[in-house]
Amino acid sequence: MPHAYADAVHALAALVPPGRVLSYGDVAELLGGGGPRQVGAAMAAAPADLPWWRILRADGTLAEDLAERAAPHWHAEGTPRRGTRIDMAAGRWQPDDAGFAAIDGLAEALAAEAPAPRRR
DNA sequence: CTTTTGACAGCGT
DNA sequence: CACGCTGCCAAAA
Numbered sequence: 279m280p281h282a283y284a285d286a287v288h289a290l291a292a293l294v295p296p297g298r299v300l301s302y303g304d305v306a307e308l309l310g311g312g313g314p315r316q317v318g319a320a321m322a323a324a325p326a327d328l329p330w331w332r333i334l335r336a337d338g339t340l341a342e343d344l345a346e347r348a349a350p351h352w353h354a355e356g357t358p359r360r361g362t363r364i365d366m367a368a369g370r371w372q373p374d375d376a377g378f379a380a381i382d383g384l385a386e387a388l389a390a391e392a393p394a395p396r397r398r
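Per my numbering, numbering of the first sequence is gapless, rising by one per residue and ending at 398.
Bear in mind the hints are in silico, worked out from the structure with no lab data behind them.
Quick caveat: nothing in here was measured; it's all calculated off a predicted structure.
Every residue gets a Cβ at the ideal spot worked out from N, C-alpha and C, and that includes glycine.
Be a bit skeptical, because a hint or two may be false.
To be verified - Here are the computed distance ranges between Cβ atoms for each label pair: (1) Pro325 with Pro295: 11 to 21 Å; (2) His351 with Gln372: 33 to 43 Å; (3) His353 with Ala389: 35 to 45 Å; (4) Thr362 with Gly303: 19 to 29 Å; (5) Phe378 with Asp285: 16 to 26 Å; (6) Phe378 with Glu342: 30 to 40 Å; (7) Gln372 with Thr339: 16 to 26 Å.
My request is simple: use the sequences and hints to build the entire structure.
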C-alpha cells in the first residue's frame with residue numbers, strides 16, 4: 279500500500295486516546311520523518327471521521343477557526359485545559375507498550391516507502 | 001533549478 | 001506574555 283506520509287499521520291492520530299493530545303512536532307518525531315509542517319499539511323487532508331482535534335500546536339493552541347470547532351470535543355473528552363489552551367504537560371499522550379508497538383509499525387511502514395533521501 | 005507556501009517549532013527581544 | 005525572525009521538510013508552481 280504505497281501510500282503516503284499522510285496515511286501514517288492519520289493512522290497515528292487515530293491511536294491517540296480521548297482526552298489526550300500530541301503536538302504536530304511530536305507526531306513527526308514519532309513517525310521518524312518529515313517535520314511539523316509536513317504533519318500539518320497531512321492533517322489538512324484529514325478524513326472527516328478522524329479525531330483531528332487531538333493533534334495541535336506545541337503551545338497547546340490551534341488555528342482560531344479550528345480551535346472553535348475543537349473546544350466542544352475537548353470539553354466532552356475532559357482534555358486538560360489551561361485557560362483557553364490545552365495543558366500540554368498534562369494532556370500529552372504518553373504511549374504505553376502497545377502504543378509504542380503500533381507506532382513502531384507505522385514508522386517502519388513509512389520508512390519502507392519513503393527511505394530514498396534523494397536530492398531534491 | 002529557484003521561489004512560494006503550509007492545521008509548525010524555537011529562540012531572542 | 002506577545003511579536004518577529006529563522007529553521008525545517010516536502011510538494012507545487
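Structure-based check of all given hints:
1. Pro325 with Pro295: 11 to 21 Å: 18 Å, holds
2. His351 with Gln372: 33 to 43 Å: 20 Å, violated
3. His353 with Ala389: 35 to 45 Å: With Cβ atoms ~37 Å apart, the hint holds.
4. Thr362 with Gly303: 19 to 29 Å: Once the Cβ atoms are compared, 21 Å apart, the range 19 to 29 Å for Gly303 and Thr362 holds.
5. Phe378 with Asp285: 16 to 26 Å: 19 Å, holds
6. Phe378 with Glu342: 30 to 40 Å: 34 Å, holds
7. Gln372 with Thr339: 16 to 26 Å: Given a distance of about 21 Å, which is inside 16 to 26 Å, the answer is holds.
The structure fails hint 2 only (numbered hints given earlier).
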